[in-house]
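Asks: Next come the chains, spelled out residue by residue.
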Amino acid sequence: MIELRGVHKAFGPKKVLQGIDLRVERGTSMVIIGGSGTGKSVALKCILGLITPDSGTILLDGKPVGGRVSSAERDAFLARFGMLFQGGALFDSLAVWQNVAFRLLRGRLKRPKTEAREIAIEKLRRVGLSPDVADLFPAELSGGMQKRVGLARAIAAEPEIIFFDEPTTGLDPIMSGVINELIREIVVEMGATAMTITHDMSSVRAIADNVAMLHDGVIHWTGPVAEMDAADDPYLRQFITGAADGPIEAVR
Amino acid sequence: MSALSPVLAPVAAVGRSGIGLLALVGRLTMFLGATLAHMLRPPFYWREFLFQLMQIGYFSLPVVALTTLFTGGALALQIYDGSARFNAEAVVPQIVAIGMVRELGPVLTGLMVAGRVSAAIAAEIGTMKVTEQIDALTTLSTHPMKYLTVPRVLAATLALPVLAAVGNIIGILGGYLVAVLRLEFNAAAYLRNTVDFLEASDVVSGLVKAAVFGCIVAVMGCYHGMRSARGAQGVGRATTNAVVSASILILAANFILTGIFFSE
Chain A
3 MIELRGVHKA FGPKKVLQGI DLRVERGTSM VIIGGSGTGK SVALKCILGL ITPDSGTILL
63 DGKPVGGRVS SAERDAFLAR FGMLFQGGAL FDSLAVWQNV AFRLLRGRLK RPKTEAREIA
123 IEKLRRVGLS PDVADLFPAE LSGGMQKRVG LARAIAAEPE IIFFDEPTTG LDPIMSGVIN
183 ELIREIVVEM GATAMTITHD MSSVRAIADN VAMLHDGVIH WTGPVAEMDA ADDPYLRQFI
243 TGAADGPIEA VR
Chain B
4 MSALSPVLAP VAAVGRSGIG LLALVGRLTM FLGATLAHML RPPFYWREFL FQLMQIGYFS
64 LPVVALTTLF TGGALALQIY DGSARFNAEA VVPQIVAIGM VRELGPVLTG LMVAGRVSAA
124 IAAEIGTMKV TEQIDALTTL STHPMKYLTV PRVLAATLAL PVLAAVGNII GILGGYLVAV
184 LRLEFNAAAY LRNTVDFLEA SDVVSGLVKA AVFGCIVAVM GCYHGMRSAR GAQGVGRATT
244 NAVVSASILI LAANFILTGI FFSE
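Residue numbers (my numbering), protein chains in the order written: chain A, 3 to 254; chain B, 4 to 267.
Chain A on its own, in the form it takes in the complex (with noise of 0.2 Å):
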């Protein structure tokens, strides 16, 4: 189970967070969703710790996380995590099946290389790409296969869970639909945690269990995907219908 509360964070003057609460249970898909800049990305990297927020605490399993611990604490703790970033975040000097058992190749979860190859190209079969292209090199694949790699990448090692940063954005509305229910069985299938940051509503559907929205850096809304339509909030309604006009001023 992850728990935020009262999760603040501010770049210079610009507050970012302004106390996020927010509950996922084990075992269940929480979709933030919101508009581009209000911090999504942030909440997600502060629970991992690639930001440290300013204020609040930040539970997992009832345990704050953060703060100074060794580093084979870290270890074990970001052992538990899967991430897929928004860009695939493949590093460009590794061939495909590299990336994919990068953290099997070296740490704690080291095996020997073949062994390593096979479950990355597993991996690799699971996601829907064929084994041959397990010696390429990310710069030759396309962005759809890109994001797949990068899904691959998040569930080697088989995390408890998982967490996904826009994973449609950049791809056409059929591979979205793929990516999305790749995301869903995989997750239902390895009974993962899992936490989507997208703005993309047919992501929503699909991967969701429960929804949270995020708008000037608080949780706005929080509930189970099904009642989201018959929600009143009227910052989620402008949300889900991409109203031009409404609570939520657009730049233009």
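Simulated from the structure, these hints should not be mistaken for lab results.
Glycine included, C-beta positions come from ideal geometry on N, C-alpha and C.
Check the hints yourself; a few may be wrong.
Across the chosen pairs, the derived CB separations fall in these ranges [said to hold, decoys possible]:
1. A/Ala78 with B/Arg30: 26 to 32 Å
2. A/Ser95 with B/Leu27: 26 to 32 Å
3. A/Phe13 with B/Phe264: 43 to 49 Å
4. A/Arg82 with B/Ala232: 27 to 33 Å
5. A/Phe13 with B/Leu11: 26 to 32 Å
6. A/Asp174 with B/Phe47: 39 to 45 Å
7. A/Asp234 with B/Gly36: 53 to 59 Å
Selected chain B positions facing chain A (Cβ under 7 Å, derived; list incomplete) [as the list claims (entries may be wrong)]:
8. Glu135
9. Gln136
10. Thr141
Mind docking chain B on chain A? Use the hints.
Replies: Only chain B this time, still in chain A's reference frame:
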């Protein structure tokens, strides 16, 4: 306050840039300290280290060789011309040797590698930062300082003395070729004069300098890359800053080290 502000504005400006400079020195010192701390603690990424040794050391050889060859040749011509004014043409081999080994070999090697390697490191790490690859490394339980900075700094620190040694030899060869082919020196005598004249401290001091320059080159590349702002412009600026700061620091360090080595 407002009445005094025109008077105080220059003071404030001096203070601001002074604080900015101190902050930069502090950040660099902390970066170097963190690099050393990570160097001493496992894991050590051998593959990365050996790859960087190839990239920084081996692939810099042509650049260093050409630079020092031409410089050695030019040095011989200049010294011949200058020393002829007081009939001391015979010192050409000695001055070329000492000039190359103590100063020009290490400094030129450092500057050429600063251009080639600092830029490449800053651009690569900056791009990795901008495309979230650095964050991805962390989430994959790999510390970016250990995986990216340590191998580069160590490889550059070890490769530069070797490159400088090669540069020294090629620079002296450049001087020799010019002296023998153009200035009609006796080949055997030129070489004997060079070898007899040089002392171990001349060579060693130059190589120590080169090691320091190597450290500077890699640290500047990594530091500016890691702090790169977003976008192509951010990476471009990081690259420029890396090369400029590495070059200036090399020249400053050279002055300080020369002062320390030959102060008596």
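Asks: Are the hints correct? Go through all of them and say.
Replies: Okay, the hints, checked on the actual structure:
| no. | hint | verdict |
| --- | --- | --- |
| 1 | A/Ala78 with B/Arg30: 26 to 32 Å | holds (30 Å) |
| 2 | A/Ser95 with B/Leu27: 26 to 32 Å | holds (30 Å) |
| 3 | A/Phe13 with B/Phe264: 43 to 49 Å | holds (46 Å) |
| 4 | A/Arg82 with B/Ala232: 27 to 33 Å | holds (32 Å) |
| 5 | A/Phe13 with B/Leu11: 26 to 32 Å | holds (29 Å) |
| 6 | A/Asp174 with B/Phe47: 39 to 45 Å | holds (44 Å) |
| 7 | A/Asp234 with B/Gly36: 53 to 59 Å | holds (56 Å) |
| 8 | Glu135 | holds (4 Å) |
| 9 | Gln136 | holds (5 Å) |
| 10 | Thr141 | holds (6 Å) |
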